[in-house]
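K.L.:
Residue strings, one per chain:
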Amino acid sequence: MEFLSYLISGLSLGSVYAIIALGYTMVYGIAKMLNFAHGDVIMVGGYISYIALSKLGLPVWVSVLLAMAVCTLLGILIEGLAYKPLRAAPSLAVLITAIGVSYFLQNSALLIWGANVKSYQSVVNGTLKLFGNQLSISYVSILTILACVVIMVGLTVFTAKTKMGKAMRACSEDKGAAQLMGINVNKTISVTFAIGSALAAIAGVLLCSSYPTLVPTTGSMPGIKAFTAAVFGGIGSIPGAFLGGLLLGIIESFAKAYISTQLANTIVFAVLIVVLLVRPAGLLGKYVPEKV
Amino acid sequence: MKKFEKGKMVPVPSMAIIPERDMDSPPVLECIHLGIEFGGLKAVDDFNFVIGKTEIAGLIGPNGAGKTTVFNLLTKVYNPTHGSIMLDGIDTTGKTTVQVCKMGIARTFQNIRLFSNMTVEENVRVGLHNQVKYSTLSGVLRLPPYWKQEKVFHDRAMELLSIFDMQDMAGLYAGNLPYGAQRRLEIVRALATNPKLLLLDEPAAGMNPNETAELMENIVKIRDTFGIAVLLIEHDMKLVMGICEGICVLNFGKIIAKGTAEEIQSNPEVIKAYLGNNSMEG
Amino acid sequence: MSKLKKNASGFKLNHYLTYIVVTAAFLAVTFMNQGGILNKKMQGLLVPVCCYIIMALSLNLTVGIMGELSLGHAGFMSLGAFTGVVVSQSLVDTVPNEAVRLCISILFGAVIAAVAGFLIGLPVLRLRGDYLAIVTLAFGEIIMDIINCLIVGHDSKGVHIIFNFKGDKSVADLNLLEGGKAIIKGAQGAVGTKTISTFFAGFVMIMITLFIVQNFIRSRTGRAVIAIRDNRIAAESMGVNVMKYKMIAFVISTTLAGVAGVLYGLNFTGITAVKFNFNTSILVLVFVVLGGLGNMLGSIIAATVLYILPEALRQFSDYRMLIYAIVLILVMLATNNPQLKALLQKINPFNKKKEGGAVQ
Chain X
1 MEFLSYLISG
11 LSLGSVYAII
21 ALGYTMVYGI
31 AKMLNFAHGD
41 VIMVGGYISY
51 IALSKLGLPV
61 WVSVLLAMAV
71 CTLLGILIEG
81 LAYKPLRAAP
91 SLAVLITAIG
101 VSYFLQNSAL
111 LIWGANVKSY
121 QSVVNGTLKL
131 FGNQLSISYV
141 SILTILACVV
151 IMVGLTVFTA
161 KTKMGKAMRA
171 CSEDKGAAQL
181 MGINVNKTIS
191 VTFAIGSALA
201 AIAGVLLCSS
211 YPTLVPTTGS
221 MPGIKAFTAA
231 VFGGIGSIPG
241 AFLGGLLLGI
251 IESFAKAYIS
261 TQLANTIVFA
271 VLIVVLLVRP
281 AGLLGKYVPE
291 KV
Chain G
293 MKKFEKGKMV
303 PVPSMAIIPE
313 RDMDSPPVLE
323 CIHLGIEFGG
333 LKAVDDFNFV
343 IGKTEIAGLI
353 GPNGAGKTTV
363 FNLLTKVYNP
373 THGSIMLDGI
383 DTTGKTTVQV
393 CKMGIARTFQ
403 NIRLFSNMTV
413 EENVRVGLHN
423 QVKYSTLSGV
433 LRLPPYWKQE
443 KVFHDRAMEL
453 LSIFDMQDMA
463 GLYAGNLPYG
473 AQRRLEIVRA
483 LATNPKLLLL
493 DEPAAGMNPN
503 ETAELMENIV
513 KIRDTFGIAV
523 LLIEHDMKLV
533 MGICEGICVL
543 NFGKIIAKGT
553 AEEIQSNPEV
563 IKAYLGNNSM
573 EG
Chain B
575 MSKLKKNASG
585 FKLNHYLTYI
595 VVTAAFLAVT
605 FMNQGGILNK
615 KMQGLLVPVC
625 CYIIMALSLN
635 LTVGIMGELS
645 LGHAGFMSLG
655 AFTGVVVSQS
665 LVDTVPNEAV
675 RLCISILFGA
685 VIAAVAGFLI
695 GLPVLRLRGD
705 YLAIVTLAFG
715 EIIMDIINCL
725 IVGHDSKGVH
735 IIFNFKGDKS
745 VADLNLLEGG
755 KAIIKGAQGA
765 VGTKTISTFF
775 AGFVMIMITL
785 FIVQNFIRSR
795 TGRAVIAIRD
805 NRIAAESMGV
815 NVMKYKMIAF
825 VISTTLAGVA
835 GVLYGLNFTG
845 ITAVKFNFNT
855 SILVLVFVVL
865 GGLGNMLGSI
875 IAATVLYILP
885 EALRQFSDYR
895 MLIYAIVLIL
905 VMLATNNPQL
915 KALLQKINPF
925 NKKKEGGAVQ
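Protein chains in written order, with our numbering: chain X, 1 to 292; chain G, 293 to 574; chain B, 575 to 934.
Among the clues, some could well be false.
What the hints assert, rightly or not - Estimated spans, in silico, between C-beta atoms of each pair:
#1 G:His374 / B:Ala916: 50 to 60 Å
#2 X:Met181 / G:Gly498: 39 to 49 Å
#3 X:Met181 / B:Asn853: 21 to 31 Å
#4 X:Lys291 / G:Glu503: 21 to 31 Å
#5 G:Asn340 / B:Arg700: 56 to 66 Å
#6 B:Gly609 / X:Ser108: 39 to 49 Å
#7 G:Thr373 / X:Tyr287: 13 to 23 Å
Hints in this document: simulated from the structure, not taken from any laboratory.
Note that CB positions come from ideal geometry on N, CA and C, so glycine has one too.
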């Protein structure tokens, strides 16, 4: 029973990582950049929904939609102002800019909302009791796992079937060729950022519902973990991010339960290192050797 | 056009031909049933070829025939799935790129691969890496071996650059050189590794007829000065027919003809491969 | 073409200029300090600035010269810092002379960081690009976690170490003899350290670091490393052993990070492992990129300015990090956006001549 409960909490945590990792991986796939500010968009999503829920007393679905709208706008703004002018710049320059954006978001949040810990009011309450109260699962966990599966399926269908999804895949293969085929590359990248940021907002709501402490640096560690998850699964691959996120969550949950709370992160990262040594492009990533 | 003195080609026991003057020494390169598959596709199949010790050999064929793949197999960028490569009588199976370089194969690249943020001289110095040595510690602490060997580096680099009269360019960044000079620098850099066999991948690409003529003279000069063998891939038939002694024609990964320039020029298979089935004129 | 030649010899000038600038800056600051111009806060920044300069130089070797992105460099600084603290605190009675003790500590810190660099380099350097970056990040976090679990004490019998990975041990479990003292208390970090780092020591270590890094770059080994960065396949074809030379550069880089760590650790009475987290690695990376990849003088200036800038902005209190972030973004945009760059060149009268420098 204990095992099952750890598995479910791992799946739930992993689902949050997966949703964030999907944003990372989509942006990486298309813009070939590590968007370090992605974790901080989660934090913004958390704050917006917190204000809508606790301060304005709006219904849950309105709050979530509001958070998604704000984050989508934020994502498009960040991309347009900070990343678009650097399309041709070396990747390290873009990385540093992303770090700058991350600092900017964290410190803006600090100024606007202060350093005090906000206790987040979960979007759903209560727990599901099974097997005569031996196993209790919070509804938030169930919601998180469901949301993750829905998003994953939705994204897969979106990239496979829709015109915009196909444009995204074309841009991530070869931007020059995509442009020649009449695809508006800039618009496609903006849409990718918008989707990634909307996902980050959902991740923010779910994350804060499970771990109800909200500070300006809330997004940093989950951001790094999700980045790890994306690489773990093979960066650029949507199923890879999903799988990587879930596995990372489960490993972390088990490591905390059975080995050591202190070393949980160490174990997660150690598994990552081992996986990358065996499969240098991650679990589902394709290893492309350099052409000579 | 200048006529180049070619060696008389004679058959050797392994069904191949090499220049008569190289008869007494073992061939520098012997490919035996060499082949590689990429996921079922036979990029190079049953490649048998022998190059004499001081031969200038040519590898020609239509685009996508697998010529550069042969170079990548010889330099162990790819590991062959079939067959073996003998370099100067030694089997290179299981060796790495670095090891075959030390054994005596040097190459240039079709898409120029210079160290573009380094100067011309530094590029050549990297080529001399395994010829002139001192320890990292001597380098960091500037001990006497550093000063002594850096001078050797400089002198040898300048000597090599003088082959193409490039001494004046020694201090320029390689990435800023004109195209032709970049191709020449790649050859100098390859020569710096003291090879027995020099592989040139389309050395005349992008050159005008004058530059090509000069290049031909220089390739022959290099062979004569260093006493090494040269294997070149080239689409410029004037160059190939002008200086190559043994020529091998590749199509779809298979050898369709081998022989001297005269034999190749009159081979119906070759004409078919280049011009297609229907047209026999050209 | 004459313009291009100047570029190459300009590098040589830069080489000596760096030593001169560092020495001049050291002398100037020392005089200012003696003249009482520096306030207490500024004095407190002197040694950390030196540490971050060494860190920037060291990381520049990995990122600028070797061309691989490392996101866990603070981990090696951390190893150096805690090794230094343990060695120095253990030798307080045996080696009373502070300068000698500092030298011994630096030596130990350097060796530990070098060994760690070698062991971590074995798996890391096999990977490429972003995968390499994420693994260095992972190692940085692992080092932090492990040091967070360390409890170390010293008594007349020597050094005692326990590994508190379940979170149930404390200093009492060291069973120190009477007169023994705790050096590292797990997550609380090092406590009660005798601070023996000095600005002069920092200056000397910067000069040594510069000497090592600059001479390395201009040696046979350094050329091999740069060749690998510029074109790995060509370098391999020239007989350059990629793994070997990357490893040499990486180990030198981590060793120097260890040295910076020792200086840093012995500058404060207490430090925690969390100080050397991902954000610190990123901070140093920012110094390196803004200073210019492969540009050592640039790293020094960027580290100094950017480390002092947030302190200088203290009058804006809450806004200072925000300003820092905006400055960072604007500088990256201004230096990397083609339109903005062209615009800046037009405005700047000194840059006019450069435009004619195109090569035929």
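K.L.:
State for each hint whether it applies.
P.N.:
Each hint, compared with the structure:
1. Judged by the Cβ atoms, the range 50 to 60 Å given for His374 of chain G and Ala916 of chain B holds: they are separated by roughly 55 Å.
2. At roughly 29 Å, the beta carbons of Met181 of chain X and Gly498 of chain G sit outside the given window of 39 to 49 Å.
3. In this structure the supplied range 21 to 31 Å is violated for Met181 of chain X paired with Asn853 of chain B, their Cβ-Cβ distance being about 42 Å.
4. As the Cβ distance of Lys291 of chain X to Glu503 of chain G is approximately 27 Å, the hint placing it in 21 to 31 Å holds.
5. Separated by about 36 Å at the C-beta atoms, Asn340 of chain G and Arg700 of chain B break the suggested range of 56 to 66 Å.
6. Between Gly609 of chain B and Ser108 of chain X the CB atoms are about 40 Å apart, so this pair conforms to the stated range of 39 to 49 Å.
7. Restraint check, Thr373 of chain G to Tyr287 of chain X: a C-beta distance of roughly 18 Å satisfies the suggested window 13 to 23 Å.
Taken one by one, the earlier hints fail for this structure at numbers 2, 3 and 5, listed in ascending order.
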